[in-house]
Structures are given as structure tokens and as C-alpha cells.
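Enquirer: The residues making up each chain are set out below.
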Amino acid sequence: MDEGNLNGAEAEAGKVVKRIALKYCGGCDCTYDRLDYAKKLKIAAEGHVEWVSMDDGGFDTILMIHGCPVACPEEKLEPGHPWRIVSVIDDRYAPEEVIKKLLEGGEK
Amino acid sequence: MKRIETKEDYVKSLKDQKVRIFYNGQPVEDRSTHPGFVPHINSAAKTYELALMPEYEDLMTAKSHLTGKKISRFTHIHQSVDDLIKKVQMLRLISHETASCYQRCVGFDALNALYMTTYEIDEKYKTSYFKRFEEYLKKIQAENFMLVGGMTDPKGDRSKRPSEQADPDLFTRVVEKRKDGVVISGAKAHQTGAVNSHEIMILPTQAMGPGDEAYAIVAAIPLDSPGITLIFGRQTNEERKVEASIDAGNVDFGMVGGEALVVFENVFVPWDRVFMCGEVDFCGTLVERFATLHRQNYGGCKGGVADIIVGASALAAQYQGTLNASHVKDKLVEMTHLAETVYSGSVACSAMGSKTKSGAYYPDPLLANCTKHNITRHIYEISRLAHDVAGGILATLPFSKDLQSPEIGKYVEKYMKGVAGVSTESRMKILRLLENMTGGTALVESMHGAGSPQSQRVMYQRLGKLPEKMKMAKKLAKVAE
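In the order they appear, the protein sequences are chains G and W.
To convert, note that position 77 of the first sequence is 77 in my numbering; the numbers rise steadily by one, no gaps.
To convert, count from 1 in the second sequence and add 1000; that's my numbering.
These aren't lab readings, by the way, just hints derived from the structure by calculation.
Glycine included, every Cβ here is placed at the ideal spot set by N, Cα and C.
Any given hint might turn out to be false.
Some chain G residues judged to face chain W by a derived CB distance under 8 Å, without partners named [claimed, not checked]:
no.: 1; residue: Gly27
no.: 2; residue: Cys28
no.: 3; residue: Arg34
no.: 4; residue: Leu35
no.: 5; residue: Gly47
no.: 6; residue: Trp51
no.: 7; residue: Ser53
no.: 8; residue: Cys68
no.: 9; residue: Cys72
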């Protein structure tokens, strides 16, 4: 993983730079192994993300891992919610790219 | 009761609550470790285990509309169409983990049917069942115990009403009303999950009329109450559970829901646990609602079970080198079509659900009945195709002990072998799983669970809007008379 793509010196120093909530869909009929992919994402984010749950609070970004394109939990968020959402609906994307998107901000 | 959170909490709670149970003529000392019950306990325990996992909590848990707390979805009252759909999704998910029945939906459906109906009984009769029921609901949401949905009475002579039976106990009834409560006698048959539950919610089994007041009883009863006896139902190949070998097929989770006959002999129930007593005009409504909510489920749970049958059939074919045969691929496609058809029925009746006066949501009853009716056909057809794909070996496979035998194991190893790279034992495991899931008790459950097919056809006659359809036809044909 190219750490230069993360948050510069802080990332290189291995410092946690962002608190991000991890939210899974319910997993009724997944088209890929969500847990295996989440594990890869966590490895790619090691040292740069403090993972929390939505109940914990204190985050402005949510990584939503959905088992299929229906993306149920994202659909159910109240309009105007304050969070930035990064959604994953399959395992096509390289984990490093997803983490880069999470850390850099910008559109979902 | 201390709140049940984990599988360990659940198993301990079963051990602690002493229930009078008989298995094969013998009393059961410790239901939490009896080999006949452990697979069913493991299945029900999945509902607790998955609820604690972040990757499943979105389906397995809900927010209580009474307390705002996070609760098991199995104790939730549906607050939206989304809740109805999530119920179905949750059932498919758990089926993927157990390939068997996990039993808690029956109590779940009883809670929802009662929430709607007690509200309407109070509205008409100025009774206080709804308030009483809300308190009970808070209790089950807080303690997360397992509730049997106790609907089916033995019924004796089916041509006679409850009050006309030669033996009055053939429908569960109130034998005495006291100042502090009621005394119940009778029995409930085919009670799913009863031997590994904590309480039973008894409900009337059918619509009733004047003269049947004693039978119009709804009550929540702890299963360790004096006067209650459970008699476990014999299942196909149940002795294989005791062997705990690969011959059991679904070794950890068994087959269907572990049904039992629950007998009530002068069981006292205090008034705060009684939610209907004599209101015969609401029995039909309550039964119809419970049936609809329960029939809604089947495309979720059986759809999920069918996914495993499809997967096991494909593996059986792969292990014997027939997976790429065009007719096998076509059969697997047909099985998939049937599984997704039943699932779509459950989703459809949920999506077309509506709000009742109580605020709770209710699935479309006609579509829910169609869903369950399809189960009585499609699961049989899926199972027939599984047998076709797997071959006759499904019925003639040697014992697992033959495979392990120092004397003859080499023959089983040699002659039961399929393709290179797959062990004989793996092939036997998959075939046994298929055998477990596609025959005997497992199939009969698809036919009669949540009501026999005729009960769904009766609902078609009532809800099918035939006069409207005749009117539409006349309009198009320009028939005036």
C-alpha cells in the first residue's frame, strides 16, 4: 500500500488520523464475503483509522459494507443526516482505494 | 428472569428452568444437554448469537417502540413495511446458518397478532388487555426469553365445534375463573421449539361462536408451571442425533423445530397474563392475523433452507462428476427459480403490508397465504429435483461406522468414491445433509407448518375478490346482465 496516498506525515508516523464508523447491512443474501473484505479493508487502514460503531458517536464518516446493491441501511438513513458515507456493495475495488477515499474526503 | 444475551445465557436458562418433558417414554432430567434437543437448542441459539454480531445486527435487532432500546427483532412489533421486509430477510439469513428451523418466529408472530387484536378488543369491549399486553411485551423485550406460539389444538372430531366435542379438553379451555386468575386444561399439538423455550402463549385455534366462550382464551404461561407436561414428537432418523455421526446429516442443527405436545392439566394463570377470555367474536380475527404473519415467513426461512439444498445438490453432482451435464445444470436452475419464487412471495406480502389501528404493521393476507401455499408445492419439487440430481445413493449409502470400520472401511472408501480430489467422507457428508433436508419430517413440515394447504385455499375464497374479477370480465366482454 502506498502510504503517500493517505494523510502525509501523520499516516507515515502510523498515527490514527480518522475515527470512522463501520456499519454492515444485515447480510440476508450477500453476493460476496463481506467479512473477508472488511478484514482486508482493516488491514489496508491499519494505523490510520479508529473503527467505531454507529452507537459510539464521535465520527463524521461512515463506511457502509453492503452485501448487495440494494444497500438497505443507506436507504434508511434520514434525509439530511450529517455524515459522509462511503458505500461498498461488492469486493471489486482494491481495499487501498476504499481507504484512500475514506481518508481524503470528497464525494461518496 | 435475567436478560438472555448470549448462547451461554440461553443454554443456562434452559438448564435452570425445570420443565416436565418426556422423550421416548422417559422423563428428561436436563433438557439443555439431551441429545434429542441439542440440535434444536443450537438452532434457536443462533438467533441470540447473530444478534450480537455487527455484521448481522441490522436484521437481527430492532429499536423497541415502547422503550427505545435495542432489542431482538424476535420480540419487536412491526412499525413499518421496512420492518416486515427485514423480518423476511432475517429469516433467510438465519436459515443459511442453520439449514433448519430456529423456532422463534412462532412466538414473534403471536406477539404481533396479539398487539393488533388486543387493541381492537379493548376498543369494542372497554377491556384492558392491550395495556396488560404492552407490559408483557416490555418484559419479553427486556428479558429476551423464548416464547412458544401455542395455537394448534388437538381438535378431536374435526366435524364438531369445541363445545360439541365428546372430550372437552380436545380444545384448550378455561375450566375455572377465579378472582386472581384462570385455570386452564387441554393441550397444544405440534408446538415448535417447546422443549427449549421458557413460556408458551396459548391462542384459540380457530374462529369460534356463542357457546365456545371457555375456549376463547389467550394467556402467557411459563413452561415450568405446575400441571404442564411436554411430550416430544418422534422425528425421521432421530436416533442418528444420539450417534452424533455424519449420518445425522445436519449434525449441529438437526431437522425442523423439535415439535412437542404440550399438555395442560389444571394450570393456573394470573389475570395479568391473560389477554383474551371469552371474546369469541375476536377469535377469527386473531387466528387470521397469526396465520398471515406466520405464512409471511415461509419464503424467507424455507427460501434460505432451499438455498442450502441447491448448494448441496450442486456439490453432490460435482463430487460424482455430473455437475456440467446439461440436465443437471437445468435442474439446479429450476431449483433456484423455485427458491427465489417463494422468497419473492414473502417480500411481496411484506411490501404490500399496511398499518393496523394499533399502529403495528401487517402483511397483505392474500399474498402471505399464496406464499405459504407455494411452500407446500415448491419445497417438495425442490426436494424431488435434489433427489434426482444426487442419485439413488442418497437412499442406499452405508453407515458412517462402515466407513470407519477397520474391516470393511476400505470397501466403502473405494466404492463410494467419486471424482479425484474429493474424499469419500466429504461426499457422504453432503449426501447425508441432503437426505436430512429433503425427506420425512422435514417435508411434512413444509406441507403443514403454518397451516395445511386447505386453510390457505379457504383464504383465497374469502380474499380472492371473485365478484370484482367477474365484473371486470363482463365489462371487457360487454356483457350487461
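Enquirer: Which constraints among the numbered hints does this structure fail? Numbers only, ascending.
Expert: Result: hints 5, 6, 8 break, sorted rising.
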